[in-house]
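K.L.:
On the provided structure of chain A, position chains B and C as indicated by the hints.
One letter stands for each residue in the lines below.
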Amino acid sequence: MKQASPLARFWNEFRESKVALAALVVVVLMIGVALLAPWIAPQDPYDLANLTLSDARRPPGYVGSGGFTHLLGTDAQGRDLFSAILYGLRISLQMGLIAGSLAFTVGVTLGITAAYLGGRWEAFIMRVIDLQLAFPAILLALVISAVLGQGKFQLIAALAAAQYAYFARTAHGAAAAERGKDYVEAAFSTPLPARRVVWRHILPNCLPPLIVVATVQVASAIALEATLSFLGVGLPVTEPSLGMLIANGFQYMMSGRYWISIYPGVALIILIVAINLVGDQIRDQVNPRLRR
Amino acid sequence: MSGSAEAVPLLEVRDLATHFHTRAGVVKAVDGVSFSLRRGEVMGLVGESGSGKSITGFSIIGLIDPPGKIESGSIRLEGRELIGLPSRELRAIRGKVISMVFQDPLMTLNPVLTIGAQILLALEAHEKVSAEAGRKRAIAALAQVRIPEPEAKVDFYPHQFSGGMRQRVAIAIALLHRPKLIICDEPTTALDVSIQAEILAEMKELVAELGMALIWISHDLATVASITSRVCVMRHGKIVETGPVLDVLTRPQHPYTQSLLDSLPSRAKPGTFLARGGGVPDASPPARRSGASPSRGSKADASYFVIQDVSKLFQTPPGILRLLGQKLGLSQPSRGVQAVDSVSLTVPRGEALGLVGESGSGKSTLGRMAAGIYAPNSGTVRLEGEPVMGGGARPHKNTTRIQTIFQDPFASLNPRMSIGDSIAEGPIAHRIVSRAGAAEYVRQWLAAVGLDPTFASRYPHQFSGGQRQRVAIARALAMQPDVVVCDEPVASLDVSIQAQIINLLMRLRTELNLTLIFISHDLSVVRHLCDRVAIMYRGKIVEEGPAGQIYDNPRHEYTRRLLAAVPVLPTAPPA
Amino acid sequence: MLGHILGRIVQALLVMLVMSALVFVGVYAIGNPIDVLIGPDVSQEMRLETIARYGLDRPLWEQYFTFLGRVLHGDFGRSFVFGMPVLELILSRLPATLELTLAAVFGAALIGVPAGIYAGYKPDSLLAKIIMAISILGFSVPTFWIGLVLIITFAVELQWLPAGGRGETASLFGVEWSFLTLNGLSHLLLPALNLAFFKLALMTRLARAGTREVMLTDTVKFARAAGLSEWTVLRRHVMRLIAIPIVTVFGLEFASTLAFAVVTETIFSWPGIGKLIIDSITSLDRPVMVAYLMLVAFVFITINFLVDLTYVALDPRLRKARA
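Residue numbers (this note's numbering), protein chains in the order written: chain A, 2 to 293; chain B, 6 to 580; chain C, 8 to 330.
One should not assume that every hint holds.
[What the hints assert, rightly or not] Chain C stretches covered by chain B per the calculated footprint, using a threshold of three residues with CB under 8 Å from any CB of chain B:
1) 225 to 233
2) 239 to 247
3) 316 to 324
[What the hints assert, rightly or not] DSS-like, lysine-lysine: derived pairs with alpha carbons at most 25 Å apart:
4) B:Lys33 with B:Lys74
5) A:Lys19 with C:Lys129
6) C:Lys136 with A:Lys19
[What the hints assert, rightly or not] A short list of chain B residues far from chain A (calculated; beta carbon distances all over 12 Å):
7) Thr194
8) Asp197
9) Ser347
Rather than coming from a laboratory, the hints here were simulated on the basis of the structure. For each residue, glycine too, the CB sits at the ideal point set by N, CA and C.
Same shape as in the complex, but just chain A (with noise of 0.2 Å):
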């Protein structure tokens, strides 16, 4: 018998779906494309100085006045679409993963804090919670970039602030079906300090329900972001994320030049579907009344 520690059981049983393994590969080539960006592009998509207006919306394949090939084509200001779009995929990822782990410490460190509380406490702080989760996350979104207005760190505030009720109200599911187990009544009954119990006992064994809401919501973040990058509300149009490249597109689709919209949006639903997959399979491995 293999010492085989639960994670390693959690990666032998993962790698077995194929789907979910090339849905993680594709994530991670992302990602690092993503971080490449700089070095990857063909051109720095947001440098002036290389952009020249007869090159603006052509179709893919042509070859412009840089002397390089643009594979998907160019947008209305001359720029490579394919440069764009990995630099649109970096800025994009990074709102997505930046409000995913805000909205993730926030809200575990909130739904753990009610279950370990207990009582009233534990009662308002889920009360609370539960209203917001009843508000749409997007019209919150909304709001809140409306009230705080344009930016990078506006937005990411907004996209926590509608995110994290749903991992605190996870968080709070998990630990409150934990703190019943036998093995944190023995952690209490030793007795150990509360603190370690929460983050030795309690927090390890509530993370795969977490991790699941994590995927859904760093790929929905994603998506909200564009959503409200789409609707003008979003990121200002020096960071031009992937939504906001889909928006631009928008007015020249319905002259037949589908790709400066299309092309970053295929990008992005690649990245969205894919970080999903991870999520179900992870799903499935973690949901004990599946397991056979």
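P.N.:
Relative to the frame of chain A, chains B and C by itself:
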């Protein structure tokens, strides 16, 4: 019944093999089982968990779900082969000719349908029946299984019934079409012993009254002995021994049957090591740290561990609005559950006290208060005069001297910690060992509970239930406690494993001079292990005294009923 | 039960009050509406006069209580941009959003739930895999992008359906509805489809997960052991058991669909309240924003309440506890 039908057995199982194709490989759950059953015969199928007894039952009724598959063999019902039958024809047999009762009555009935609606569904599965006639049949079916006021109860939902009543409803559904065979899969295992006795008695009457055949699947030799006439003992997917119940239980031929019987504490002299309980390790536990508790032995034994007037009320805290309503006198304060109602107990040093009661009696809650896990609403728990729990909910430091062993070894270990870390965590936090010495300390404890010391880096999922319980024992004892609260530590283990754990506990208890509070629903285990017994009923202790006296000469009415309800094994004639 | 309902109503009122304060303070923080109200070339006196007329010189709390007092009389103020009473403005736009949302949510439930039950009942079949692939797409692809694709495919390329507007409407109960005319229906189809896609995926996934879990329970096994047909097991046991979570999500999603209508209405130029709120955010039309948010909060609380009641109707275990 015609003579020609009499010649063919009701059920004939030949070389049945049901395998499960899992990630880890093929599990041969049933591996070549053969038996036959006459009309009206009552047969027991006995074995430990994983012996394939339940899978045999599910194979007969044709309910093997993937990844399980009947690989080969034959199941003939009145000469007709069932294996390979189209699913529609199998369905026509299920519930009509063969029916089944499951283990957990809380899980089998649909919580959102009335009892009447569920009986009607089962009726409609095999015959056309009007709503009115169906209701009448449902009421009659409930009356048949001795459910009082069936006219009213037919409109109840499952949650309005107790576990025993729900199992009666499940039996009523199984009996609906007067089947020729009924398979009961551990039907009383989830129930309290007094309810079990009632169901057993009623089942016996019903079988006699309706003349149907019965296969009674159980891990418990005593219940099987009290209802069946013939028994098959299963192990590793095979039948190792079969014969009339009395013969098998008094003159077992197969060594496995013999070892099962030897594992039962009810057949051994109280306080002795169980014959087949092997696995008692030779290694001694590590020495106590010196000067751990200076007061040791200085106080009179009579006031060693004292539980005084302890009560616990479980109450959901009211919301803010409800609280306001209560203040204004608009709404009533919610009534909680009085789990423990002013209980006092004194345990002298080195004694083993058994705390016996049925589910909901409050015995576990009392145990958790004794161990300082729950704070009592009123009353105190003191060890050598020092309170176990200080004021407020913060456990007093003194609770390190009292440790707990829990029932479910699958839940009592943190699945994400290696067992070595689980054992060392408490002793390091309380400076019983240094961080550097922890690894050696853990190895000594693993050896002392009969596990390979090199297992320390493994995780709980790599161990069997019995091994995990050994780890849990090591974890509790590594804190070097004086008092150990054992909450049903052997209830979820097979009898052979149970015997090993009982032997281990007995040995460690004497070696470490431990004081034990042993909580159990199992009267025979308590009798075997404990010097004194307290009987708990509805949050109160109704009777307390030396074990021998309680068992041989119970004074309280409830104790008498409890003892009478325990099924007794036929004992072997002296050899 | 009655006490429970009363308690919930009191609670709802409290929540509305808190919401109104939050919304008011939140919206107050957005920009300076005075720049919207008057042109930059207006004299200083005019400017101060306008500020005083709208009460914008008062402290925040005073403005809030004035607002609250008016709301109690059904007056949400006048839109800065449209110059008409906000309530009237919103009510005139509400039917368009309502019919869009209802069409989307019911469409999603009617297709998604059966598809999900099938996928949960036969998780290894090819059809189930196709259903799940579509659902993961629907779950992932942002609504606005699907809208774009729908327009390109059905309006621009195929030219089967119109790309925007409500089309012809017909009057019912004094309100104009699109779904009553053929032309209106053709205008409704694409936006409703767009809005439904995400919900469809959600319902499918939910129904599948519920079905998979229920199919493994002893309740189903026992029903099969009693000889019930698979169809009866699905219809009477599985559907009843998964109904509880589905109804909850259905209710919540109805409300969130109202919010997601913002995106769809923008893309399809659907003249509903979603488009109104986006316009009011960009033009800093405070009274409209406040009223809209209060309306959404109200819808939410009402739906939550109804879901709660349905819960009790569906789950007998709750009846006793709350009696």
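K.L.:
Hints first: check each against the structure and report whether it holds.
P.N.:
Status of the hints after comparison with the structure:
1. Under a criterion of three residues with beta carbons nearer than 8 Å to beta carbons of chain B, the stated coverage of the segment 225 to 233 of chain C is upheld, 8 such residues being counted.
2. Check result for the segment 239 to 247 of chain C against chain B: holds, 4 residues qualifying (beta carbon to beta carbon below 8 Å, three or more required).
3. Interface restraint, the segment 316 to 324 of chain C with chain B: holds (4 residues with C-beta to C-beta distance below 8 Å; minimum three).
4. With a C-alpha separation of about 10 Å, the suggested pairing of B:Lys33 with B:Lys74 holds against the 25 Å cut-off.
5. Between A:Lys19 and C:Lys129 the CA atoms are separated by roughly 20 Å; this keeps the pair inside 25 Å, and the hint holds.
6. A hinted pair counts as satisfied when its Cα atoms are at most 25 Å apart, and C:Lys136 with A:Lys19 qualifies at roughly 14 Å.
7. Distance check on B:Thr194: its Cβ is at least 20 Å (rounded) from any Cβ of chain A, clearing the 12 Å threshold; non-interface status holds.
8. For B:Asp197, the shortest C-beta to C-beta distance to chain A comes to about 21 Å, beyond the 12 Å cut-off, and the non-interface label holds.
9. For B:Ser347, the requirement that its beta carbon stay farther than 12 Å from each beta carbon of chain A is met, with the minimum near 23 Å.
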